Amino acid sequence: MTEAIQLNKVSLLRRTQEEFSYDLKKTILSFIEGKYKAPTKKLTLDQVDFTINVGEKVGIIGANGSGKSTLLKVISGILQPSSGQVKVRGKIAPLIELGAGFDPEISVRDNIIFYGVLLGFSRKEMKEKSHSILEFAELEDYTLTPVKALSSGMISRLGFAIATDVQPDILILDEVLSVGDESFKNKCKQRIEKFWDANATVLVVSHDLNFVKESCERGVWLDRGRVKFIGEASETVSNYLEGLKQNQYLSI
Amino acid sequence: MDITLKNSSALLQAQRYWELIQVLVTRNLKVRYRGSFLGMYWSLLNPLVLTGLYAAIFGTAFSRYYNNSIPKYVLAVFTGLIILNFFSSSTMQALSSVVGNGALLNKIRIPISIFPVSMIAANIFQFISGALPLLAVVTLITSKNILNVLALPLPLLALVMFCMGVGFLVSALYVSFRDLPYFYELIIFVLSIGTPIFYPPDILPAKVKPFLLLNPLLPVIESIRQIALSGNSPDFYLIGNACIGGIVMLLIGLGFFRWRQAQLMDLL
Numbered sequence: 000m001t002e003a004i005q006l007n008k009v010s011l012l013r014r015t016q017e018e019f020s021y022d023l024k025k026t027i028l029s030f031i032e033g034k035y036k037a038p039t040k041k042l043t044l045d046q047v048d049f050t051i052n053v054g055e056k057v058g059i060i061g062a063n064g065s066g067k068s069t070l071l072k073v074i075s076g077i078l079q080p081s082s083g084q085v086k087v088r089g090k091i092a093p094l095i096e097l098g099a100g101f102d103p104e105i106s107v108r109d110n111i112i113f114y115g116v117l118l119g120f121s122r123k124e125m126k127e128k129s130h131s132i133l134e135f136a137e138l139e140d141y142t143l144t145p146v147k148a149l150s151s152g153m154i155s156r157l158g159f160a161i162a163t164d165v166q167p168d169i170l171i172l173d174e175v176l177s178v179g180d181e182s183f184k185n186k187c188k189q190r191i192e193k194f195w196d197a198n199a200t201v202l203v204v205s206h207d208l209n210f211v212k213e214s215c216e217r218g219v220w221l222d223r224g225r226v227k228f229i230g231e232a233s234e235t236v237s238n239y240l241e242g243l244k245q246n247q248y249l250s251i
Numbered sequence: 000m001d002i003t004l005k006n007s008s009a010l011l012q013a014q015r016y017w018e019l020i021q022v023l024v025t026r027n028l029k030v031r032y033r034g035s036f037l038g039m040y041w042s043l044l045n046p047l048v049l050t051g052l053y054a055a056i057f058g059t060a061f062s063r064y065y066n067n068s069i070p071k072y073v074l075a076v077f078t079g080l081i082i083l084n085f086f087s088s089s090t091m092q093a094l095s096s097v098v099g100n101g102a103l104l105n106k107i108r109i110p111i112s113i114f115p116v117s118m119i120a121a122n123i124f125q126f127i128s129g130a131l132p133l134l135a136v137v138t139l140i141t142s143k144n145i146l147n148v149l150a151l152p153l154p155l156l157a158l159v160m161f162c163m164g165v166g167f168l169v170s171a172l173y174v175s176f177r178d179l180p181y182f183y184e185l186i187i188f189v190l191s192i193g194t195p196i197f198y199p200p201d202i203l204p205a206k207v208k209p210f211l212l213l214n215p216l217l218p219v220i221e222s223i224r225q226i227a228l229s230g231n232s233p234d235f236y237l238i239g240n241a242c243i244g245g246i247v248m249l250l251i252g253l254g255f256f257r258w259r260q261a262q263l264m265d266l267l
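Protein chains in written order, with numbering that gives the first Met the number 0: chain A, 0 to 251; chain B, 0 to 267.
One thing to keep in mind: the hints can contain errors.
[Stated by the list, open to error] Far from chain A, some chain B residues (derived; all Cβ distances over 12 Å):
hint, residue
1, Tyr-40
2, Val-48
3, Ala-60
4, Ser-68
5, Ile-69
6, Ile-107
7, Ile-109
8, Ser-142
9, Leu-153
10, Val-207
11, Leu-213
12, Asn-214
13, Ser-229
14, Asn-240
15, Met-264
[Unchecked claim] List of simulated lysine-lysine pairs, DSSO-like, C-alpha gap at most 30 Å:
hint, chain 1, residue 1, chain 2, residue 2
16, A, Lys-147, B, Lys-208
17, A, Lys-40, B, Lys-29
18, A, Lys-186, A, Lys-90
19, B, Lys-29, A, Lys-123
[Unchecked claim] Covered stretches of chain A, going by a simulated chain B footprint (3 or more residues, C-beta under 8 Å):
hint, region
20, 66–80
21, 108–119
Since the hints were made in silico from the structure, they are not lab data.
Keep in mind it's a predicted model, so treat the numbers as computed, not measured.
A virtual CB, placed ideally from N, CA and C, is assigned to each residue, including glycine.
For reference, chain B alone in the conformation it holds in the complex (with noise of 0.2 Å):
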């Protein structure tokens, strides 16, 4: 059941790992960016058209729930953009990275999983070099607390497992059922409207609020904004809610995608 090879410890499969994480995402971006003027920046563009129209829209009737302030409805509907649209476009592109890559896989002996690890990747790097420092200087501003722009990368942190699991489940499911996007097309999209990101939960009546407790998203994107628009100290509680479901759904992926793996190859 076992191939050995002379030179196989795992330090030296670590580094190729790694070797192989740094080429695929270099070539995503490179792809994905090739001969666009705003390059990277893109990817704000979305976050940013969006929070502008629903500001637009729903910022005069719901802004009673944040202090009276439209700027506060703005932020927090911002924070929940970035966190959802980091969620729908590395889950979906880690949905079709095995199958993308098939032909590959049947050439080059390659460790299946780091499709979907490389296509999360490219996204954070998306995400450190876009979102994040417009989140930093957030923090900074309303918090005036240095503590809090240290406490920022937990919650997201808890937010890359989250997506990390997902995007394992999903590839592999991906391989066997081929009308896999539809459905999960439809689950993002309930999810962005399930999740509150343009409207307070607040708003929503005692027999319907249960549900958002089913939300995986939702103590990622509390967590963030307690951080980041609060103005108080990071409340630990919070964030040990986001990473505990960040690492449940880790580990529901990783599981799947390994049970799974030895299967995978005949399908692809």
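With the rest of the complex left out, here is chain A (with noise of 0.2 Å):
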């Protein structure tokens, strides 16, 4: 078993939210009256220690603000981790919001180049795939239509459409997909169902415990940047549960 990725002893800091100044004139003002006071900062992600293999279906579950997707990110390469080392094996795919990187102005097929290559293709690339790109996400008549035109079904169809057909390594979901109609979800779930399939190693986050228990093998439990527990899918689905109910119990 080779691994495709592995964390080890990865934290995280970040600065928190209120303490955004973002105004030069107040900084000024501050420093001036000596009250400027350096930016707090908070532990996002605590120790994070695991490794993936190549092939495994890993689910990410926790409540809100566990750091779930801060961990999603610091795996991409968006965020470096304070300390700690993160090793990915192989080309990822991020499928965090369909179409968030599109430009309304341009064109469908100029999006398409434009979005591929963002992901870590040539534009060569895209071009020869941009075809069967348009051919899944059924918009072969709005090749050259702006995307500011297009329905938000439609721009979710093509965010599909282009971050699945790149085939990655490693594939990213942050939150179970629902995408267009009812047709078009089928055949987002084939696509979804044919990665599985594949060797391909796909880490999901999702609040779907069903999902996670039956789709993944491996889950992973997140608390408040803390690896609680990482085992068997079901097993650790239902230590979550446990744990949840436990704290119920604590606060009544």
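Using the supplied hints, reconstruct the complex from the two chains, each of which is provided in its own coordinate frame.
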């Protein structure tokens, strides 16, 4: 077994939202008055330590604000850990909020190339792929239309088509996808299943515990930035539910 | 602290950087000129109109500083304006580039510096297709020396380095200080009046004149005017002067950007 993702005592300190000053005038004034305080930082990930092997499907669960999305960002390389090491083998495709990278002013075809290059492909590759992407998204008639003229359903279809056409080694899913109308949802499901069957490593963040139990092999339970439990998916889910119950008892 | 990828050789990263710049510049230019009749040449309209305006208002009064020739005054104003325009539009666009793409930076792994760099690059492209040919023709006519035309890119390179440095600096600052555009607009305005563009530097009183030396754009403008308008062969002392300013600013900007880079993501 080779490992696809290896996290070695990863910690992340981030500035907290309330501390944002965003104001040059205020900052200068507070310096002059001698009231300037260095922004405080909060530990959002605390010594996270696990390994995911190639081909494994792993679900990450936990309450809101427990650091699930932050962890995915660290794995994708968007955020650099404050300490510890992240090792990733292979190409990662993020599937976080479809269509977030589109520019509404330029055409669908230009957006396919633009988005693909952002995801790490060359323009040449994307030009070759653009036909199959348009076909999958059922947008062949809209090739030269600016994206702002598309409906929101069409935009998410396009986002899904691009992000899944690229065949990554590691797929990252933040929340389960619900894209477009019923017939398109089925197409998406099939494509995701194809990823599942292939030897791709998949990381899912979800609040749908049944989905995690059924589709994932392993589960990671994050609690306030710490790994509380890691093990078989169904075991992790039941431990998580157990933990929630205990918390409720305590608060009552 | 490090993120290792299987294929992360320096060459591949440079290639990706180049691909990203290309798509970002294309997007930028496409958005700006979609459906516009003059396209790229809109960027020339502003300096041309202003040159006409200055010539009409100050031409007669100032022409005696330019060998009593209004055309010479017009050319001096025009060269100054295209340089000032390049500086103000490229750095203004670079300023908001990182914050404007904050949502994207939070979703996909992209080097942050790509955004200010691509803004400057888009402006270079615009300059090359709009103002540069005009400048080259003027240079050829006044100097009748191909060497002068060939030397033109040198002070322009200094200008690009200077703008890149300022672009790095302001784009990183804007992430933490969202009221920066107001200050920066004021700085640009001070600079546009404080630079001898539509007036000859000779009219300044002796007490004020030393302050001109503080103006970082002046060496570039002086060098361009010397090459394009004086008729003499290129003065490499002026070119060197401009380049030193550009390199210093680039290093300052780059250093600041790299220093802040780790913190930027928390504020986007």
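Cross-check of the supplied hints:
{"no.": "1", "hint": "Tyr-40", "verdict": "20 Å, holds"}
{"no.": "2", "hint": "Val-48", "verdict": "26 Å, holds"}
{"no.": "3", "hint": "Ala-60", "verdict": "40 Å, holds"}
{"no.": "4", "hint": "Ser-68", "verdict": "45 Å, holds"}
{"no.": "5", "hint": "Ile-69", "verdict": "42 Å, holds"}
{"no.": "6", "hint": "Ile-107", "verdict": "5 Å, violated"}
{"no.": "7", "hint": "Ile-109", "verdict": "6 Å, violated"}
{"no.": "8", "hint": "Ser-142", "verdict": "40 Å, holds"}
{"no.": "9", "hint": "Leu-153", "verdict": "31 Å, holds"}
{"no.": "10", "hint": "Val-207", "verdict": "28 Å, holds"}
{"no.": "11", "hint": "Leu-213", "verdict": "21 Å, holds"}
{"no.": "12", "hint": "Asn-214", "verdict": "23 Å, holds"}
{"no.": "13", "hint": "Ser-229", "verdict": "42 Å, holds"}
{"no.": "14", "hint": "Asn-240", "verdict": "32 Å, holds"}
{"no.": "15", "hint": "Met-264", "verdict": "6 Å, violated"}
{"no.": "16", "hint": "A:Lys-147 with B:Lys-208", "verdict": "53 Å, violated"}
{"no.": "17", "hint": "A:Lys-40 with B:Lys-29", "verdict": "41 Å, violated"}
{"no.": "18", "hint": "A:Lys-186 with A:Lys-90", "verdict": "24 Å, holds"}
{"no.": "19", "hint": "B:Lys-29 with A:Lys-123", "verdict": "19 Å, holds"}
{"no.": "20", "hint": "66–80", "verdict": "holds (count 7)"}
{"no.": "21", "hint": "108–119", "verdict": "holds (count 7)"}
In summary, the numbered hints that this structure violates are 6, 7, 15, 16, 17.
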